Amino acid sequence: MPKHLLLSLMYGMVLTPSFINIFVMSDHSYDLFVMHVLLFFAIVVLGRFLKREVHLTALTIIEILFSAWICMTYGNLMFILALTPLFVYLLLPNITLRWMMFGFHLIAVNYALLQQPPVLIAASNIFLVLIATLVSLLQQMDRRKNTALLMYDELRKKHYELDESKNRLVLFTKQVEGFAQAEERSRISQQLHDDVGHRLIRTKMMMEAALQIMPNDQNKGMLMMREIRDQLATGLDEMRATVRRLRPSTQVTGIHSLSRLLEEIGRETGIRTALNIEGNPLSLYPSQEIILYKNAREAVTNALRHGQAESIEITILYTDSEVRMSISNDGTLPEGNLQHMAGLGLAGMKERCTLAGGYLEFSIQSPFTIITRLPITQHQKIQ
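Once you know that position 266 of the sequence shown is 266 in the UniProt record's numbering, the rest is easy, because the numbers rise by one and skip nothing.
It is worth saying that the hints were derived from the structure and are not from the lab. All values reported here derive from a predicted model rather than from experimental measurement. Positions of the beta carbon are idealized from the N, C-alpha and C atoms, including for glycine. Take these hints with a grain of salt, some might be off.
As the list claims (entries may be wrong) - Here are the simulated lysine-lysine pairs, DSS-like style, with alpha carbons at most 25 Å apart:
| no. | residue 1 | residue 2 |
| --- | --- | --- |
| 1 | K350 | K174 |
| 2 | K157 | K145 |
| 3 | K145 | K166 |
| 4 | K220 | K204 |
| 5 | K51 | K145 |
What the hints assert, rightly or not - DEER-style ranges, computed between Cβ atoms:
| no. | residue 1 | residue 2 | range |
| --- | --- | --- | --- |
| 6 | Y160 | I61 | 45 to 53 Å |
| 7 | K157 | L120 | 49 to 57 Å |
| 8 | P118 | L46 | 29 to 37 Å |
| 9 | M207 | I277 | 44 to 52 Å |
| 10 | T16 | I126 | 24 to 32 Å |
| 11 | R202 | A347 | 37 to 45 Å |
| 12 | Y152 | P118 | 47 to 55 Å |
| 13 | P281 | L223 | 16 to 24 Å |
| 14 | T147 | T354 | 15 to 23 Å |
Full structure from sequences and hints, please.
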């Protein structure tokens with residue numbers, strides 16, 4: 001309860017009726033009346049400096065008895081002064097003690113008004129109950145205000161913690177992306193060495209052989225030159241695919257990038273491609289978009305290189321709990337066990353999904369399908 005409001009009500013109920021009573025009293029000494037009022041006012045002020053419940057309770061009993069005596073002695077409007085102890089004992093922490101003090105106060109006030117008209121007695125009791133109700137309501141308002149302040153402080157603390165967690169999550173996401181990019185570059189470097197490098201060495205050796213054969217056997221030399229041309233064309237295609245993988249991550253995120261990837265594949269190879277979106281699209285984290293794109297690119301590359309697919313279809317399904325990307329192709333089904341299939345890049349795809357809290361599935365039945373499943377958080381749903 002605001003202290004200034006409490007003090008204003010309490011001091012006003014002491015001084016206002018006392019000042020008015022000076023002009024209506026006729027059979028008492030003014031000096032003695034003023035002395036009694038000032039003494040009672042001093043007791044009221046003294047209560048502000050007492051902190052211990054025992055001392056405050058004892059002083060409140062003195063206030064009740066003294067105010068009842070003033071009311072009984074001087075009459076008139078002094079019954080208002082006799083109600084001021086309410087503002088003290090109703091603030092005590094002990095509820096039982098409050099009710100005991102209220103009962104004692106009620107008896108003291110009614111005893112002091114025995115000689116007064118019944119109307120004044122009834123008005124005094126009603127006034128006492130109304131003030132008690134007012135003080136109780138003010139206490140409830142104060143408690144609710146304090147509770148609201150505590151909740152606000154707790155909410156602000158949670159907000160700071162959430163903001164800190166968000167910053168750590170962003171940092172972790174960047175670290176995961178950096179790790180994934182480093183792994184991807186390492187794998188591409190190995191592929192350049194194993195595939196493109198070996199193919200160029202083989203082409204060089206075939207070229208040297210053709211130079212030796214051409215003067216003596218032009219037909220056989222031309223045949224070898226055609227093989228060299230085919231080897232160079234295949235190597236050029238592999239080099240283009242490798243360069244495409246080295247593009248910055250800012251250019252390989254989002255559904256638009258998947259659509260562009262399929263368009264480029266269809267334009268360069270002539271195969272049929274399709275991208276289907278099902279469900280209610282949600283805003284994904286950049287790390288999730290990168291995982292979807294890289295897994296799709298890996299699956300499409302494998303379908304072209306190892307499966308000789310003629311059509312590739314990507315379906316992205318949004319549900320309440322996850323986003324699921326299915327990549328199907330009608331090419332040759334892979335043979336062997338899971339260890340053999342790991343060579344198709346499934347290990348790297350699975351690792352990316354695991355880092356994001358998802359997992360990878362695949363179906364060996366025709367059409368061969370690779371499914372990437374990533375979780376969707378509540379925060380993503382309300383964005």
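Against the structure, the hints:
A threshold of 25 Å between alpha carbons decides the hint, and for K350 with K174 the separation of about 19 Å falls inside it, so the pair holds. Between the alpha carbons of K157 and K145 the distance comes to roughly 18 Å, so the proposed pair stays at or under 25 Å and holds. Between K145 and K166, the direct Cα distance comes to roughly 31 Å. Violation of the 25 Å bound is thereby established for this hinted pair. With a C-alpha separation of about 17 Å, the suggested pair K220 and K204 falls inside the 25 Å cut-off, and the hint holds.
About 23 Å separates the Cα atoms of K51 and K145, which keeps this hinted pair within 25 Å; it holds. Checking the proposed 45 to 53 Å range against Y160 and I61 shows it holds: the Cβ atoms sit about 49 Å from each other. At about 55 Å, the beta-carbon gap between K157 and L120 stays in the expected band of 49 to 57 Å. Hint check: P118 to L46, Cβ distance near 35 Å, so the stated range 29 to 37 Å holds.
A hinted range of 44 to 52 Å holds for the C-beta pair M207 and I277, which are about 49 Å apart. For the pair T16 and I126, the supplied restraint of 24 to 32 Å is violated, since their beta-carbon distance comes to about 19 Å. The supplied range of 37 to 45 Å is broken by R202 and A347, whose beta-carbon atoms lie about 28 Å from each other. Distance hint check: the CB atoms of Y152 and P118 are about 51 Å apart, consistent with the given range 47 to 55 Å.
At about 54 Å, the beta-carbon gap between P281 and L223 misses the expected band of 16 to 24 Å. Separated by about 44 Å at the C-beta atoms, T147 and T354 break the suggested range of 15 to 23 Å.
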